[in-house]
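S.K.: So the chains spell out like this:
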Amino acid sequence: MTTGERPGFLARRRRPTAPASEPVRASQSATAFGAEVDSMAPQLDAHVPAGDPLTAWARRCAEYRLVSPANRRKFTVIVVGTGLAGGGAAAALGELGFQVDSFTFHDAPRRAHSVAAQGGINAARARKVDGDSIVRFVTDTIKGGDFRGREADVVRLATESARVIDHLQAIGAPFAREYGGQLATRSFGGVQVSRTYYTRGQTGQQLEVATAQALLRQVQRGTVRLHTRSEMLDLVVADGRAQGIVTRNLVTGEVEFHAGHAVVLATGGYGSVYFHSTLAMNSNATATWRAHRRGALFASPSFVQFHPTALPVSSHWQSKTTLMSESLRNDGRIWVPKQGGDPRPANQIPEDERDYYLERRYPAYGNLTPRDVASRAARDEIESGRGVGPLRNSVYLDFRDAIARLGKAVIAERYGNLFDMYHDATGEDPYVEPMRIAPGAHFTMGGLWSDFDMMTSVPGLFVAGEAGNGYHGANRLGANSLLSACVDGWFTLPHSVPNWLARLGSGPLLAPDAPEPQASITAVNERVGWFLASAGSVRPVAFHRRLGALLYAGCGVSRSAATLGDTLDQIRELRAEFWREVKVDGRAGQINQELEKAGRVADFLELAELMVVDALDRTESCGAHFRAEFVLPDGEARRDDAHWANVSAWETTPDGAHRRHSEPLTFQLVPLQVRDYR
Amino acid sequence: MRIELEVWRQDGPQDRGRFEQYVVVDATPEMSLLELLDRLNDQLVEQGIEPVQFESDCREGVCGACGVTVDDRPHGPVPKTPSCRQHLRAFGDVSRLRIEPLRSAAFPVIRDLVVDRTALDRVIWAGGFVDVETGTAPDADDVLITHDDAEQALDFAACIGCGACVAACPNGAAHLFAGAKLAHLALLPHGRLERGRRARALGQVLDDEFGPCSSYGECVEVCPAGIPLAAVAAMHRERLRGLFRGKAD
Ligand SMILES: Cc1cc2nc3c(=O)[nH]c(=O)nc-3n(C[C@H](O)[C@H](O)[C@H](O)COP(=O)(O)OP(=O)(O)OC[C@H]3O[C@@H](n4cnc5c(N)ncnc54)[C@H](O)[C@@H]3O)c2cc1C
Ligand code: SF4
Ligand code: FES
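Taken in order, these protein sequences are the chains called U and D.
Quick note: the first sequence uses the numbering used here, first residue 1, plus one each step.
Quick note: the second sequence uses the numbering used here, first residue 679, plus one each step.
Simulated from the structure, these hints should not be mistaken for laboratory data.
Source: prediction; values computed, not measured.
Check before you lean on any hint, since a few could be wrong.
Stated by the list, open to error - Computed list of lysine to any residue pairs in SDA-like fashion (alpha-carbon distance at most 25 angstroms, straight line):
(1) U:Lys583 - D:Arg687
(2) D:Lys758 - U:Gly427
(3) U:Lys128 - D:Asp827
(4) D:Lys758 - U:Arg200
(5) D:Lys758 - U:Gln220
(6) U:Lys583 - D:Gln725
(7) D:Lys758 - U:Phe419
(8) U:Lys583 - D:Val723
(9) D:Lys758 - U:Lys128
(10) D:Lys758 - U:Gln318
(11) U:Lys128 - D:Gln725
(12) U:Lys128 - D:Ala815
(13) D:Lys925 - U:Gln220
(14) U:Lys583 - D:Asp827
(15) U:Lys583 - D:Gln721
(16) D:Lys758 - U:Ser319
(17) U:Lys583 - D:Asp716
(18) D:Lys758 - U:Ile411
(19) U:Lys583 - D:Arg717
(20) U:Lys583 - D:Phe922
(21) D:Lys758 - U:Thr322
(22) D:Lys758 - U:Gly416
(23) U:Lys128 - D:Asp826
(24) U:Lys583 - D:Asp720
(25) U:Lys128 - D:Gly813
(26) U:Lys128 - D:Asp817
(27) U:Lys583 - D:Thr824
(28) D:Lys758 - U:Tyr431
(29) D:Lys758 - U:Asp424
Sequences and hints are given; from them, build the entire structure.
M.R.: Right, here's the structure in full:
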């Protein structure tokens, strides 16, 4: 595919209106909203080894071809991202002796957003007598994901999990220890065993710092070349395979081509498309979206996890939402006043005028229902006018009873730092008045589609960590994603990438003056030039904020054909307005955060459309994807295994139309069953 | 709330830079320092002025990307708190703030409030890691670590790599940062095996790229991760130990 075939950025300027599209109505079929569901399209093959899923990974590893140590340095592997997934992959491939080019838009590898994870990392080490096992882990994860994840991959996740803890502790993560010297564990939502390893509330930070150290060790050894403040803006596909990337140096503005025999994208999730999310300010989808526009299928874009205990948005200038750990739900009780719009302060509302709605609706799990269920219930309350706080967009998380029962000291010991953080962020004291929480966009189960070897639909292009769609199905279990990023980076790609390289052979790298890299460089430069010449008056961030609001309202915790249809129209209008009205100050040859933001928002505006198309297309409720029309008589989610036991992987054609491919899912270890937390 | 701002503007590494005066009339006590800058930037763009460039990412105090100097204090007036968690309500009655980059010879200004802190990464790549090949680690449950050692290692490992300690130091020393890394790894069984080698290597980078330590202790006052002064002592001690011992461990 050459740039000429794509809607050029200049073309957009000439035709600033939204691509012609029919207004979407609930009853219309997928084709009407610019998406085509091609029943003739071949079903995707995930290349899972046939037979027992429990041994699939071991059998695959035994089949993989190897590159001999002496030949490894003849291969160049590009790894984008230095989070747990990218940092691990780059370090491990470097240790093996491959030449690795590692990229991050951050100023240092350690800043990747993995650093912000708090709670912990799961591992099926199953040392205790609490009944944990590989199969138990697989069952929890598949069930938690509402049967929309690939079973054999989850087995690999479970199998490699033990080594992840061994390795990360050896390279410097000081996991919490019992007084006997053994590793300590805690429990997380959606499971009944204790398999979560942690370092206080800083698990992500410790794993990330250890990983970044290991990466820098390879920089010192000369096997990894580190490119910081370098943002990947395009994937170069030539001869039908990924052969490199185009980056922009964020300090000098230089646009460069980097060639590789394989490319790994470990660029994190896209939850920040919602603007207010628990992700970092700079998290974005550009790398995966650009790869998608070059042919990599994008799976399940609408599968987004909303964390129930995020801080609510309290004012128009608030820059993001902060996650409050899930653990608070162990002792905090969630409620709203029975009377919508009750003007009294929380403490003056008597017991019988409070609705502890989770305890009422889900007596078995109560305040500890899984994230998607808790988020949806909160949204129901807020929608029906019982929300609290100045903007009536939150619910109470109350520690009054726990403090009365256990004493303030115990609560302070358990949650002191979280209470401080809350106090710090809101100015309110949770020991005295209840916290206010609201569902916030948090984790994206969707991402670039990959097969069992983590290769995308573009040969030679691999994906790892949250950027991919693996393992978590339609809903991720807490503490499983640090694990998946680590397993991908440290223990999967170091097997599967060499296999690809061995088959490919160490031919010459694509020359920078070949037509494909040249076309990509031209496209990137044109886009930069276009932005800087743009005559509008609105900052890119303003469009991001509006896009987020549209998505929360129309493609959020719960969706329906009606909300999605409207949202699709509005996104297209917003996109047209963006290209008409955006203003980007500054120059190209220097740090220019407005310019960085503009490109990221432009890509978000395209991705958002695909998210809505996917949500509209999938006519069932599963996991975090809750369609208001597809419910059981009691209002709970109705999954449709007869039609939707599959992964939707989308193609976007050069002219912007979307086409669904589908990977059928079968389950051998965990029989299909309905999730029930009542 | 009306806040007058004096903000450092510098077009690039070669530019001399200067303070510019701005006013934000609609600040609120709940805003963080960085949200105040966001607000300022909205306003500047409306007025046709280029927005102030400053760094941040997580905005919850863990990534270490943020860091500006407010009225001569790295990160801001609230002690031991990163810029992203400095809220105006905690500033008392101020109506005027002077904001400039983290200042240190080791951190050249790239533009406005953005500085280059890669010198910190060079400390790490000189030896602030553990030499273990992927997949070769023994069972972590067989490697016994006392509860207290793990907790203490974590106290030192909490460093977010923001560089405020260097900016706060009149000499521009990085002893708190480097000492925290040495102390963290020396407490762990694998890290201990290269303790001497690592201390020598990190000490060398400190000599080459940063100032000497005179034990002023300013670093501790600004450190958002609460790294204790014991880290500075560890830097001195580990280095001496490494030099006298002369061995890898
Ligand atoms: C607040 C919070 C708390 C969490 N807590 C937990 C938890 O307790 N347990 C758990 O298991 N999971 C948790 N998660 C989820 C988990 O942290 C993430 O899924 C995981 O860390 C993602 O790792 P990653 O390596 O895929 O991506 P990231 O760590 O996000 O790294 C992405 C990397 O890609 C780079 N990058 C991106 N785009 C480009 C580009 N275009 N060019 C160059 N570089 C690029 C970035 O610079 C960065 O280095 C949490 C998430 C959040 C937001
Ligand atoms: S020691 Fe403290 S001040 Fe210095 S870099 Fe680490 S966190 Fe920042
Ligand atoms: S922005 Fe991450 S520490 Fe301040």
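S.K.: Next, verify each hint and record whether it holds.
M.R.: Going down the list of hints, with the structure as the test:
1. Under the criterion of a C-alpha separation no larger than 25 angstroms, the hint pairing lysine 583 of chain U with arginine 687 of chain D is consistent with the structure, at around 21 angstroms.
2. A distance of roughly 18 angstroms separates the Cα atoms of lysine 758 of chain D and glycine 427 of chain U; the hinted pair therefore holds under the 25 angstroms criterion.
3. Distance check on the hinted pair: lysine 128 of chain U and aspartate 827 of chain D sit about 23 angstroms apart at the alpha-carbon level, within 25 angstroms; holds.
4. Taken as a hint, the lysine 758 of chain D and arginine 200 of chain U pair is honoured in the structure, with Cα atoms around 19 angstroms apart against an allowance of 25 angstroms.
5. Distance check on the hinted pair: lysine 758 of chain D and glutamine 220 of chain U sit about 32 angstroms apart at the alpha-carbon level, beyond 25 angstroms; violated.
6. Using a Cα cut-off of 25 angstroms, the hinted pair lysine 583 of chain U and glutamine 725 of chain D holds, with the two alpha carbons roughly 13 angstroms apart.
7. Proximity of lysine 758 of chain D to phenylalanine 419 of chain U is assessed by CA-CA distance (about 17 angstroms); at most 25 angstroms being required, the pair is judged to hold.
8. Taking the CA atoms of lysine 583 of chain U and valine 723 of chain D, the gap is about 9 angstroms. The hint holds against a cut of 25 angstroms.
9. Restraint check: the Cα-Cα separation between lysine 758 of chain D and lysine 128 of chain U comes to about 40 angstroms, which exceeds 25 angstroms; the hinted pair is violated.
10. Proposed proximity of lysine 758 of chain D and glutamine 318 of chain U is supported: the alpha carbons are some 23 angstroms apart, at most 25 angstroms.
11. In summary, the hint linking lysine 128 of chain U to glutamine 725 of chain D is not supported, as the alpha carbons are separated by about 64 angstroms, beyond the 25 angstroms threshold.
12. A distance of roughly 21 angstroms separates the Cα atoms of lysine 128 of chain U and alanine 815 of chain D; the hinted pair therefore holds under the 25 angstroms criterion.
13. Between lysine 925 of chain D and glutamine 220 of chain U the alpha-carbon distance is near 21 angstroms, which keeps this suggested pair within the 25 angstroms criterion.
14. Restraint check for lysine 583 of chain U and aspartate 827 of chain D: not satisfied, since their Cα atoms lie roughly 54 angstroms apart, outside the 25 angstroms limit.
15. The suggested pairing of lysine 583 of chain U with glutamine 721 of chain D holds, with an alpha-carbon distance near 14 angstroms, which does not exceed 25 angstroms.
16. Straight-line distance between C-alpha atoms of lysine 758 of chain D and serine 319 of chain U comes to about 22 angstroms, which keeps the hinted pair within the 25 angstroms bound.
17. Straight-line distance between C-alpha atoms of lysine 583 of chain U and aspartate 716 of chain D comes to about 16 angstroms, which keeps the hinted pair within the 25 angstroms bound.
18. Between lysine 758 of chain D and isoleucine 411 of chain U, the direct Cα distance comes to roughly 24 angstroms. Compliance with the 25 angstroms bound is thereby established for this hinted pair.
19. With a C-alpha separation of about 17 angstroms, the suggested pairing of lysine 583 of chain U with arginine 717 of chain D holds against the 25 angstroms cut-off.
20. With a CA separation close to 61 angstroms, the supplied pair lysine 583 of chain U and phenylalanine 922 of chain D exceeds the 25 angstroms bound.
21. The straight-line distance between the Cα atoms of lysine 758 of chain D and threonine 322 of chain U is roughly 20 angstroms, inside the 25 angstroms bound, and the hint therefore holds.
22. Annotation: proposed proximity of lysine 758 of chain D to glycine 416 of chain U holds, straight-line Cα distance about 17 angstroms (limit 25 angstroms).
23. The hinted pair formed by lysine 128 of chain U and aspartate 826 of chain D meets the criterion: a straight-line CA distance of about 22 angstroms does not exceed 25 angstroms.
24. Proximity of lysine 583 of chain U to aspartate 720 of chain D is assessed by CA-CA distance (about 12 angstroms); at most 25 angstroms being required, the pair is judged to hold.
25. A hinted pair counts as satisfied when its Cα atoms are at most 25 angstroms apart, and lysine 128 of chain U with glycine 813 of chain D qualifies at roughly 23 angstroms.
26. Taken as a hint, the lysine 128 of chain U and aspartate 817 of chain D pair is honoured in the structure, with Cα atoms around 15 angstroms apart against an allowance of 25 angstroms.
27. Between lysine 583 of chain U and threonine 824 of chain D the CA atoms are separated by roughly 57 angstroms; this puts the pair beyond 25 angstroms, and the hint is violated.
28. For the hint pairing lysine 758 of chain D with tyrosine 431 of chain U, the CA-to-CA distance comes to about 23 angstroms; that is within 25 angstroms, so the pair holds.
29. Taking the CA atoms of lysine 758 of chain D and aspartate 424 of chain U, the gap is about 13 angstroms. The hint holds against a cut of 25 angstroms.
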